[in-house]
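Colleague: Chains as they are written, first to last, in UniProt numbering: chain A, 1 to 265; chain B, 1 to 325.
Among the clues, some could well be false.
[Stated by the list, open to error] Covered by chain A, according to a simulated footprint, are these stretches of chain B (three or more residues, beta-carbon under 8 Å):
| hint | stretch |
| --- | --- |
| 1 | 209 to 215 |
| 2 | 235 to 248 |
[Said to hold, decoys possible] Per the computed footprint, the stretches of chain B lying under chain A, defined by three or more beta-carbons under 8 Å from a beta-carbon of chain A, are:
| hint | stretch |
| --- | --- |
| 3 | 178 to 189 |
| 4 | 261 to 269 |
Hint data in this document are derived by calculation from the structure and do not stem from the laboratory.
Cβ coordinates follow ideal geometry from the N, Cα and C atoms, glycine included.
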Amino acid sequence: MSSTVLEAVGLCRTFGAVAAVDKVSFSLPEGGSLGIVGESGSGKTTTARIVVGLEHPDAGRVLVHGRDRTQHRRGRAERLARAREVQLVFQDPFLSLDPRTPVGAVLRETLRLHFPDADHTRRTAELLDQVGLGSREAGALPRQLSGGQRQRVAIARALAVEPAVLVLDEAVAALDVSVQAQILNLLGEIREQTGIGYLFITHDLGVVRCVTDEVIVMRHGRIVESGRTAEVLANPQHPYTRLLLESVPRPGWDPGRIAAARRAL
Amino acid sequence: MNILDIQGLRLRLPDTARPVLDGVDLTVGAGETVALVGESGSGKTLTSRSVLRLLPAGAATEGAVRVAGQDVLAMNPAELRDLRTGTAAMVFQDPRSAINPLRRIGDFLTESLRLNAGTPEAEATARATEMLEAVGLTAAALRQYPGELSGGMLQRVMIAAALMGGPALILADEPTTALDVTTQAEVVALLGDLRERFGTGLLFVTHDLGLAAAISDRVYVMYAGRIAETGPAATLFERPRHPYTAALLAATPRLAAPQGRLAAIEGQPPSLQEELTGCPFAPRCPLATEVCTERMPERLPLPGDPAHWVACHHSDRLEGRTTDE
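Using the sequences and the accompanying hints, generate a full structural model.
Modeller: As structure tokens, this is what we get:
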């Protein structure tokens, strides 16, 4: 049994009268991959933002290697150490990179901040190679790259600090199918090589099946179902999970019945 | 007669090395649902927008786009206005950016009837109420602002607006991409009901192969501004004969497929700055040979299946294979 790298205990967050996240707990084993599935308003993104530290929970704790990261950290070294625990890859690679900074400089800036004494040129080349980019892309500005290449840069930048956990918030949702498959395969390879843990936020059940070991299904801020991905998808227990699965279009699909089931739930 | 008939549409933009659309042929019959599938940059959105002549500045066109027999590319402004307010209507991807947030839903729905057809306000409002009810909303929505409605409800308003002029053709450009999966099912069910009730033709533009297979009668697959393959939805997805269609199907993460690595398509689609000599898919194609880079494949019907057309030199090598293998 591998040890737990990330643990969330009883997370709660309300916005006004809305409980966006309501008593959410989960744990991610070292080198594991956990999917959070839900529709808009389910609280999956707020959960991710709490884990990363972009949002404070009203109650509950987030532990990385048993250490609480929701506490306020004092000083630069402490804050940098916290950043090395969890890194985030955003949905839209067109918005998450500075349009005026060449790709290599993005990586060097991160490296300089976290590892001031290391050899950045070698490490930059290594990171670009790891995500399947070459020296030609290192000198390019984000706008000169395709959507898939930009998302590779965003992943390389997150990997640069050697985080324990990578949070991917709809990281492949904006990509075309053929490019999405490249990135999903790349993420699989990186996890095999580095043993980094993934928290994969998505609405796409096909993607969840492809890249996660375990999954939790969220609705209205609560976890309605959780378990091994293969089991949850093959044998869903909660009616909402069943509805989500039936909503995936396929030949012989009956959208009228799904619409009726949705209203009934 | 086909409600939409696009023949040899070629569209060039300034400062590009190749046409953005290159010889697109596409038809939609009355009451038929046709899906146009492709990745970003394939030209699917431009094709659907050309039907209303909503073209980017500086676009030069060749070929014909006929809606109900009339060539859209040759219309004068008055005819074009009649087309856009009556015969054909468009449902855009993101209703929140397509509807003015400062005006009430009632204003939005009745505006085109009042301004263009001179319909009296009471009559236009009655029509708007009828259309809102057809899409599962009530007259209460007339008084509301877009900000008060959810994304799914707003997309219904968008569809109601498209129905206001009693169109014979609806162009839906990724109408469910911005919606949740369960909401998507509702909107698709609604479009299906409306087709039966009003007999409108539907051109459904999407990047989602599963959705295209589930809802359409026929499918066109686009790549780099060309139609790569077209045929009845069921045959095309069970027995694709263009390597691009086959590769797209294999790259889609699916619930039924075995777990593990996806069959990704290496490389990227050709950019608009590259001139194409042979087949645009050749650099990424597992079946490519010398002829593919030298000569553009013609789009031909398959022997024994006149409804299924493929533009590939090697489509016979995909014969007999199914996607289940």
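Colleague: Provide an ascending list of the numbers of those earlier hints which the structure does not satisfy.
Modeller: The structure conflicts with no hint, since it agrees with every one listed earlier.
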